[in-house]
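Make a model of the complete structure from these sequences and hints.
As a plain string of letters, each chain reads:
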Amino acid sequence: MTEQSGHPSAEPTPPASGMDAASTALLRERIRREVVRFCPPWLRSEIDDIVQMTWMRLEAARKQDDGNRDPGATLIARLAFCATMDERRRLRRRREVALEESGNAASPEREQPSSAAQAAEIRRAIGACLVAMLESRSLAVTLYLQGHGTAAAARLLGWGAVKTENLIYRGLADLRRCLAAKGITP
Amino acid sequence: MKLDEAFRAGEEDVPPDAAACPSTERVWDAARGELAAEPIHEVIKHLRTCSSCAAEWRAAMEPEAREAEAVLIAPWRRWAPLAAAAVLVVGVGLVVVLRQPDRVSDGTAMRTATGREIEPLVAEDQALPRERFLLRWAPVEEDARYTVKVDLRDLTRVTVARDLHEPEFLVPAEALKDVPSGATLVWRVEATLVDGSCVVSKAFLVRLE
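Same order as they appear, the protein sequences are chains A and B.
With the numbering used here applied, the first sequence covers 1 to 186.
With the numbering used here applied, the second sequence covers 1 to 209.
Just to be clear, a hint being listed does not mean it is correct.
Stated by the list, open to error - The list that follows gives simulated cross-link-like pairs (lysine-lysine, DSBU-like), each with its CA atoms no further than 35 Å apart: (1) A:K182 with B:K2; (2) B:K202 with B:K2; (3) B:K45 with A:K163; (4) A:K163 with B:K202; (5) B:K45 with A:K182; (6) B:K202 with B:K149; (7) A:K163 with B:K177; (8) B:K2 with A:K163; (9) A:K163 with B:K149; (10) B:K149 with B:K177.
What the hints assert, rightly or not - Which bits of chain A does chain B cover? Going by a derived footprint, with three or more residues having C-beta under 8 Å, they are: (11) 122-131; (12) 146-160.
Rather than coming from a laboratory, the hints here were simulated on the basis of the structure.
Don't be surprised by glycine CBs; every beta carbon is placed ideally from N, CA and C.
Pasting the structure below:
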């Protein structure tokens with residue numbers, strides 16, 4: 001990424017408002033650690049720019065605050081996450097546009113190796129089955145498939161743990177039946 | 001085919017309708033439970049058919065939300081195997097304890113799959129004063145971040161602290177106000193390393209003076 005893309009280049013950081021140079025360097029290192037945590041491997045070459053974008057968002061947030069307080073780990077993590085994922089979305093969109101403009105906008109099935117295409121097909125089938133399912137079961141199963149435990153899923157959904165667990169159980173049974181009807185079996 | 005693995009595949013797929021994707025801020029807030037239930041439900045509905053946003057959600061999840069994967073079984077079939085397993089575990093535990101008469105409970109750290117350990121710097125069963133209930137452990141690596149969970153022995157949660165940068169946690173006296181003097185507390189540490197991996201300690205015991 002360069003300045004041509006409309007993004008800031010990774011230049012030496014001026015001291016943040018209300019902070020000395022040493023504190024600024026420490027803060028920048030904290031941001032970098034968070035960006036590295038969220039950055040997928042294929043985006044690693046953009047880390048410096050994403051750190052800079054996070055820095056600018058943090059400065060904007062601090063200006064709205066009193067500007068002197070430690071921004072806190074949660075705010076830094078949130079800003080680093082959003083900057084990283086925004087950049088991920090932007091580059092993937094650009095890649096797609098480039099493919100379309102070059103006339104290579106083939107179907108995903110043609111571009112991908114057969115195993116990847118098959119995985120994508122199964123993923124789409126799971127998505128279709130989830131959409132067709134009773135909504136409460138669908139929400140609970142989606143969180144389960146994402147890796148949430150029952151307690152965490154219950155907290156997010158605003159339901160009790162027992163109800164959530166039952167919904168996951170029944171929803172998974174629905175999902176297996178739906179996939180089997182599509183010819184996909186475990 | 002494992003359903004969860006199949007669901008998590010294809011994270012670099014282009015969303016079928018990118019314009020419908022929630023903002024990254026909204027994904028973060030929903031995954032962290034910082035929205036009301038209804039907006040969270042809306043984001044989850046989107047994840048069903050968008051593997052890209054589903055991948056973002058997983059990146060935003062708090063480490064403790066990822067609980068050990070359990071094989072779900074019918075609720076009505078749950079209790080008999082659990083009861084049998086409990087009897088078996090107690091029996092095996094007794095055998096193990098009885099066969100190690102010289103073993104000293106010295107807070108030996110747990111060795112994890114990553115080879116990292118979390119070693120407590122508070123002696124096992126040490127009594128700490130209510131006003132300065134300081135839990136300390138040896139740093140796992142320089143930039144690790146820590147979560148500490150403190151429970152009673154019946155697993156009632158006393159307090160939890162997240163995103164700690166230092167390998168210590170001073171339990172607020174307020175959190176201990178309902179804990180009787182002499183009670184034993186159980187504390188665990190989870191370290192999130194720079195590479196995103198997680199090291200979980202074993203349960204350590206400490207007493208309230």
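Exercise. Does the alpha-carbon distance linking B:K202 and B:K149 stay inside the 35 Å limit?
Worked result: 11 Å, holds
For this session: Measure nothing beyond the straight line between the CA atoms of A:K163 and B:K149; if it is 35 Å or shorter, mark the hint as holding.
Result: 26 Å, holds
Exercise. Can the restraint linking B:K45 and A:K182 be considered satisfied, given a maximum Cα separation of 35 Å?
Worked result: 21 Å, holds
Problem set entry | Given pair status - A:K163, B:K2, alpha carbons within 35 Å | 24 Å, holds
Exercise. Is the straight-line distance between the alpha-carbon of A:K163 and that of B:K202 35 Å or less?
Worked result: Holds - the C-alpha atoms of B:K202 and A:K163 are around 30 Å apart, at most 35 Å.
Problem set entry | Restraint status (C-alpha distance of A:K182 to B:K2 at most 35 Å) | 16 Å, holds
Problem set entry | Claimed coverage, the stretch 146-160 of chain A by chain B - three or more beta carbons nearer than 8 Å | holds (count 11)
Exercise. At a Cβ distance under 8 Å, does chain B reach at least three residues of the stretch 122-131 of chain A?
Worked result: With 8 residues close enough to chain B, the hint holds.
For this session: With a cut-off of 35 Å on the C-alpha distance, tell me whether B:K149 and B:K177 pass.
Result: 17 Å, holds
For this session: Quickly compare the C-alpha distance for A:K163 and B:K177 to 35 Å and report which way the hint goes.
Result: Roughly 32 Å between the alpha carbons, so the hint for A:K163 and B:K177 holds.
Problem set entry | Holds or violated: B:K202 to B:K2, with C-alpha atoms at most 35 Å apart | Between B:K202 and B:K2 the Cα gap is close to 29 Å, so the pair holds against 35 Å.
For this session: Take the C-alpha atoms of B:K45 and A:K163, compute the straight-line distance between them, and say whether it is at most 35 Å.
Result: 19 Å, holds
Figure legend: structure checked against the earlier numbered hints; every hint is met.
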